[in-house]
Amino acid sequence: MQRIGDGVAVRRLLIGAAVVLAALFLLLPLVAIFAQAFARGIDVFWANVTNHYTLAAIQLTLFIAVLTIPVCLVFGVALAWLVTRFRFPGRRILQTLIDIPFAVSPVVAGLVYLLLYGRTGWLGSWLDGHDIQLMFAWPGILLVTIFVTCPFVARELIPLMQAQGSREEEAAVTLGAPGWTIFRRVTLPNIRWALLYGVILTNARAVGEFGAVSVVSGAIRGQTNTLPLHLEQLYQDYNTVGAFASASLLALIALLTLVAKAGLEWRAARREVHP
Amino acid sequence: MSIRLHEIGKHFGRTQALEPIDLDIAEGELVGLLGPSGSGKTTLLRIIAGLETADNVAGARILFGERDVTHLHVRDRRIGFVFQHYALFRHMTVFDNVAFGLTVMPRKSRPSSGEIRSRVHRLLEMVKLEHMAHRYPAQLSGGQQQRVSLARALALRPDVLLLDEPFGALDAKVRQELRRWLRHLHDELNFTSLFVTHDQEEALELSDRVVVMSNGRIEQIDTPDELYRHPANRFVFEFLGDVNHLEGTVRDGVLTCGDASLAVDLEDGPEELLLRPHELELAPSATQHAHLPVCVTAISPVGAEVRVELEADWLGEPWLATVSHADYERLHLTRGTRLYAIPRRWHRFPDERTQQTAPTPETVS
Chain A
1 MQRIGDGVAV RRLLIGAAVV LAALFLLLPL VAIFAQAFAR GIDVFWANVT NHYTLAAIQL
61 TLFIAVLTIP VCLVFGVALA WLVTRFRFPG RRILQTLIDI PFAVSPVVAG LVYLLLYGRT
121 GWLGSWLDGH DIQLMFAWPG ILLVTIFVTC PFVARELIPL MQAQGSREEE AAVTLGAPGW
181 TIFRRVTLPN IRWALLYGVI LTNARAVGEF GAVSVVSGAI RGQTNTLPLH LEQLYQDYNT
241 VGAFASASLL ALIALLTLVA KAGLEWRAAR REVHP
Chain B
1 MSIRLHEIGK HFGRTQALEP IDLDIAEGEL VGLLGPSGSG KTTLLRIIAG LETADNVAGA
61 RILFGERDVT HLHVRDRRIG FVFQHYALFR HMTVFDNVAF GLTVMPRKSR PSSGEIRSRV
121 HRLLEMVKLE HMAHRYPAQL SGGQQQRVSL ARALALRPDV LLLDEPFGAL DAKVRQELRR
181 WLRHLHDELN FTSLFVTHDQ EEALELSDRV VVMSNGRIEQ IDTPDELYRH PANRFVFEFL
241 GDVNHLEGTV RDGVLTCGDA SLAVDLEDGP EELLLRPHEL ELAPSATQHA HLPVCVTAIS
301 PVGAEVRVEL EADWLGEPWL ATVSHADYER LHLTRGTRLY AIPRRWHRFP DERTQQTAPT
361 PETVS
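Order-wise, the sequence lines are chains A and B. Read in order, the letters of the first sequence are residues 1 to 275 in UniProt numbering. Read in order, the letters of the second sequence are residues 1 to 365 in UniProt numbering.
Keep in mind the hints are simulated off the structure, nothing from the lab. Be careful, since some hints might not be right.
Within a straight-line C-alpha distance of at most 20 Å, the following computed SDA-like cross-link-like pairs (lysine to any residue) qualify [unchecked claim]:
#1 B:108 <-> A:180
#2 B:108 <-> A:261
#3 A:261 <-> A:192
#4 A:261 <-> A:188
#5 A:261 <-> A:26
#6 B:108 <-> B:66
So the derived label-pair ranges between C-beta atoms look like this [to be verified]:
#7 A:129 <-> B:113: 51 to 61 Å
#8 A:178 <-> B:22: 54 to 64 Å
#9 B:53 <-> A:160: 23 to 33 Å
#10 A:63 <-> B:55: 49 to 59 Å
Ideal placement from N, C-alpha and C gives every residue a C-beta, glycine not left out.
Here chain A stands alone, though its shape is the one from the complex (with noise of 0.2 Å):
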């Protein structure tokens, strides 16, 4: 009897397929950034990137990344915390609520922050009055930057808390142990490797996060500028090179994500073996 797939014609046909679309749409782009980025040398490309506005704008990206994902994680753990672990009218629409994020268009989440915060805005016009400045200034950034990432961490344990239920924390109630410390030794380490994809991919997307930050940082070169804005400025003023010498940067961090990602998919494998 012949299994569903065992046909040699078609399975050499699907693999085939799969290779060429990954190699013309995955591997090739990937291969041209490093490859334009180094088209003129490598003198060229670290020029580029050593230049001023370039380092300003990698300082700039890396701090917004710093900064957001605490937050994140804070929300996100207490967030999964709340929705698997208490019953509550309004749980179900809270965990649709924290999908808008992902469902919005980041360019729209931008213009509605303009619309709050800006000089003119609903709040905005308060906080002109106490002389704070949210939009077109790195604050406005990371408010729209934590907007569009705050998701990931929250997405990545809610399934898995759901699953793993609240009988452990029970015990650990039973056996005497106080809240904080249910929290570090028994739902944390349960947790663990979840909460450091999640953080992953939050890194990944609050680097990369261009429509929601390009409305509200006013792209000032050297101040308000992140590593994607920066590039997208370079490659407008026909600099090539500087454009995806910016890109490889991106892309790098892109590949380093991936690696870890992977690194912490096969200790969870291994662990399911060996815990």
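Given chain A, work out where chain B should sit, using these hints.
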């Protein structure tokens, strides 16, 4: 330590999971809470543990000895709790699982790490798992995991041990073994224990007293012996074992049902009798008092007795009879054999005759 409950009830939203209940458990007693699913037995256990809160009414009280724990947090009640699916900390070794309760004690009262080590080893010795100390829960069998969970619950020397379907997830043989072992442990350490089960055999075998529950109500509290001999009502009778029904009309001291008849000493009128499988005798011919022709439809000769399924035109549901292996051979029973059932005893609960659809007991899979 004794456990006393007074007026403990529970609503989930608008549904009443538990009618206000009074219950006294003496120090050192091993009591089983028995009932079908949805009877409120687990809710009651979780309320005693403090994992669930009882309805806040004026008279509601939970006392451990003289200590009023009604409003005490779980972590301050000093209970040991054993979960149905063990709830071991999956990322900790067996040793760390058992040590957990000791290591989370406030620094002032916490034993030294040497003391903890020796105590945990003594506990593991008690549950016969010393050689597994460095394994993870996933590497243990179900029975071993449940023993770890017991050792963990006993590590803090609780006043009260509460067990939620402790053997429910184990296979029959391991269950038997663990039951006996728990009984032994209980007698040795003499703590007060309360366990939940839906398995009547387990409740009757293990408990000093059994609390039978249904629909959030206590139906009867008694020793296993009394419970079986003198069930308080039809529910208890039906829940404690297999039951055969005989419905018919009585006239002049004879109950008739189709072409079956049985001499009974009852007043005229419709009547329903309940018969236990072991109270039925099978014979090749009818007697003067009993004319109940039946046909054998299935035979299961496994165990101490032979279980025989019987059918007849006058029967709504098939009957079950248990006969000795000697009788089985003497009667040459095979499928299709026609013979007569002769009740040695029967039971009736006339006051509850309207309650035709009593919940059927859960079967143990």
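(message) Name the hints, by number, that the structure is in violation of.
(response) Numbers 2, 6 and 8, in rising order.
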